[in-house]
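Visitor: Here is what each chain is made of, one letter per residue.
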Amino acid sequence: MAYVEWLRVWRCLKVTAIVLVVLEILLLIVRISFLTIGPGDSLSFVHGVENDPNSHVTHVTLPDGTGRTIIDNPKDSVHIVVDDRGYQGKRIQIIESGAHASKESHHTVAMGDIHVETRPNGGQTITTIDTGQPEDFGYYFAIAAVVGLIIASVLGAPFARENDGHLEIALTKPVTRERLALSAIGADLAGILAAWALTIVFLIVGHTIFEMPHYVFGPYDAIGLVLGLVSCAAWYAMLCAATSSIKRAYGAVIGFAWPVAVLVAVLGKVDLSGTQLGQVVHAIVTPLAWIDPLTYVHLGRGVIVNGSPAGTAHSAPTYDVIVLAILAVVYLALAIVQWRRVEA
Amino acid sequence: MSTIEISHLSKAYGKVQAVNDLSLQVPQGSVYGLLGPNGAGKTTVFKCMLGLAGFSGSVRYDGEPLVPATFERIAYVPERSVLYEWMTAAEHVEMNRRAFESFEPARAYELLAQFEIDPRKRCRALSKGMRTAVMVALAFARRAEVLILDEPTSGLDPINQRHVLSLIVNEAARGTSVIFSSHQIGQVERAAERIAVLEHGRLALEGLVDDLKADRKIVEGIFPDATSPLDGIVGDPRVARVDRAERIVRVLVLAGADDFATRLASAGASGVRILDLGLEDIFLYAVSPADATASLLPKAGS
Chain A
1 MAYVEWLRVW RCLKVTAIVL VVLEILLLIV RISFLTIGPG DSLSFVHGVE NDPNSHVTHV
61 TLPDGTGRTI IDNPKDSVHI VVDDRGYQGK RIQIIESGAH ASKESHHTVA MGDIHVETRP
121 NGGQTITTID TGQPEDFGYY FAIAAVVGLI IASVLGAPFA RENDGHLEIA LTKPVTRERL
181 ALSAIGADLA GILAAWALTI VFLIVGHTIF EMPHYVFGPY DAIGLVLGLV SCAAWYAMLC
241 AATSSIKRAY GAVIGFAWPV AVLVAVLGKV DLSGTQLGQV VHAIVTPLAW IDPLTYVHLG
301 RGVIVNGSPA GTAHSAPTYD VIVLAILAVV YLALAIVQWR RVEA
Chain B
1001 MSTIEISHLS KAYGKVQAVN DLSLQVPQGS VYGLLGPNGA GKTTVFKCML GLAGFSGSVR
1061 YDGEPLVPAT FERIAYVPER SVLYEWMTAA EHVEMNRRAF ESFEPARAYE LLAQFEIDPR
1121 KRCRALSKGM RTAVMVALAF ARRAEVLILD EPTSGLDPIN QRHVLSLIVN EAARGTSVIF
1181 SSHQIGQVER AAERIAVLEH GRLALEGLVD DLKADRKIVE GIFPDATSPL DGIVGDPRVA
1241 RVDRAERIVR VLVLAGADDF ATRLASAGAS GVRILDLGLE DIFLYAVSPA DATASLLPKA
1301 GS
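Protein sequence lines correspond, in order, to chains A and B.
Using the working numbering, you'd call the opening residue of the first sequence number 1 and step up by one each time.
Using the working numbering, you'd call the opening residue of the second sequence number 1001 and step up by one each time.
Hints in this document: simulated from the structure, not taken from any laboratory.
Do not rely on the hints blindly, as some may be mistaken.
[As the list claims (entries may be wrong)] Cross-link-like lysine to any residue pairs, in silico, SDA-like; alpha carbons within 20 Å at most:
#1 K1121(B) / L7(A)
#2 K1128(B) / E1189(B)
#3 K173(A) / K1121(B)
#4 K269(A) / A283(A)
Fair warning: this is a prediction, and the values are worked out from it, not measured in the lab.
Make the full structure from the sequences, and use the hints.
Guide: Following this line, the structure appears as structure tokens:
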């Protein structure tokens, strides 16, 4: 069974790799076709000011090779300095004064390697956009976790697949059922991990096609990495447990698992105490949400506003990791116990 | 090498008693044929022997109960294809090589070639008979001590059926214990030394093929009318059953065929003759409904 499972995993990884390579080629085509594309170029505001007839534009090259564009628009009281570091990204400083000055207080937003800072300075507002800032792996881990969850769904019924007409092969080998089950689980988890790693490589290459990333690996990244992997394992384990004793229609179980688990996870977090029906739904959904892995899954720290993660979904990521790990172990044990009782 | 002992094996699926108190023994190096109509419980017996289904009673190989390590010595061909359709025959060979120490890949490829199967083909591209042939090749490449074959010639053409029978006989000659089922009774008659006939999960008949054929005879006679009495014949313990079709009476006897021929002639029958039975006749008589005989008996007072 382990060999069969390895073959399944290998085929699944091949398809995953093909999809990722095709996407990578598409990115490359986009990069070659639109050479000027980049985060800074999407700032239509800068281009708008640059093309304004009232603006005075100066281009200089700094000693380190940086192409500096200085845009002055006295009419609108806007002064922009764009430092184009080529492959290393851009740094754009926008100084607005007068009616254009923002009334907002100082705040920062960081998303990947794009850091935006807005701060008041007397009667002026200085906005700095830097696309070449150090980038954490959080987004990569989040996207890789999504791919891992998809692969976990594809591989998530190893026992049901054997039950569906192959038990005579699986169970007439000179090993115990427990060992068979564990070897299959091991192969699948290795496959999920490999798909996760493939996605990370894909993302790094994809990012590098557009600009040179500056990676940093912080504590949030460590949690994001572990959370992503454990959530994939827990999801896979839940699907195993849900299908280990059935012989057919396991595909339907896996298909329904996604919407049901998402619905339970969402309803588990919504306050439904307003109506009597809501209270009944809450009473039903809450215990289900406890055992639903998706309840504990989130996509890392996400957008950082003023130095803190936006949203409240991941206030205790360590707790989520521990619960997901426990769910994974319990579901896998349940799957094995059930499968031991299946007859050919 | 192994002897298989099945004692008081019973298996029920819900309220349906699939196998009922079955006991039989397959001696080492023998070929044992398991016969029975559809639903008689043959496949269930095999599954119980392999621990694929729970049961009461016991199954022992050389006196030892089945444990995972026993499967190193047992090869099994199920009645339907259990091959992974998305895998090639070669990948199945590799799977068996990894699973069993006794598996000989070269022998498997040799057998696949004999069945004219391209090992690079995915199983979904193979016909029913070819899939059976792949399973047979994988089982016989094991050099197992016990072969459990559930209709191993199903779907095969006559040439390959004959080939499988030769393989079975050759394996038995090496000392392998073979138990197999088939609806092709002629094949069983050619290959098996001993048979058991299952009927509704019960053992209806069991013994050496030669003994069964030697003992059982049909004594047939033609009476002047359809109601001639058969006094003293119907109740005789040596009579297994009496079939009556209009004026023709056929008596299945377990012994003393000459005696019954004389008695039929004395009762007024003409053209009395003694017929040898083939295994197919023996099988059909064993699994025919019991009331078939009763319905043929003369009515009281006639």
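Visitor: Does K173(A) pair with K1121(B) here, judged by a C-alpha cut-off of 20 Å?
Guide: violated (24 Å)
Visitor: Run the distance test for K269(A) versus A283(A): straight-line Cα separation, threshold 20 Å.
Guide: It holds: about 12 Å lies between the C-alpha atoms, which stays within 20 Å.
Visitor: Are K1128(B) and E1189(B) close enough, with their CA atoms no more than 20 Å apart?
Guide: violated (24 Å)
Visitor: Hey, K1121(B) versus L7(A), does the alpha-carbon distance stay inside 20 Å?
Guide: holds (16 Å)
Going through the hint list in order, the structure does not satisfy hints 2 and 3.
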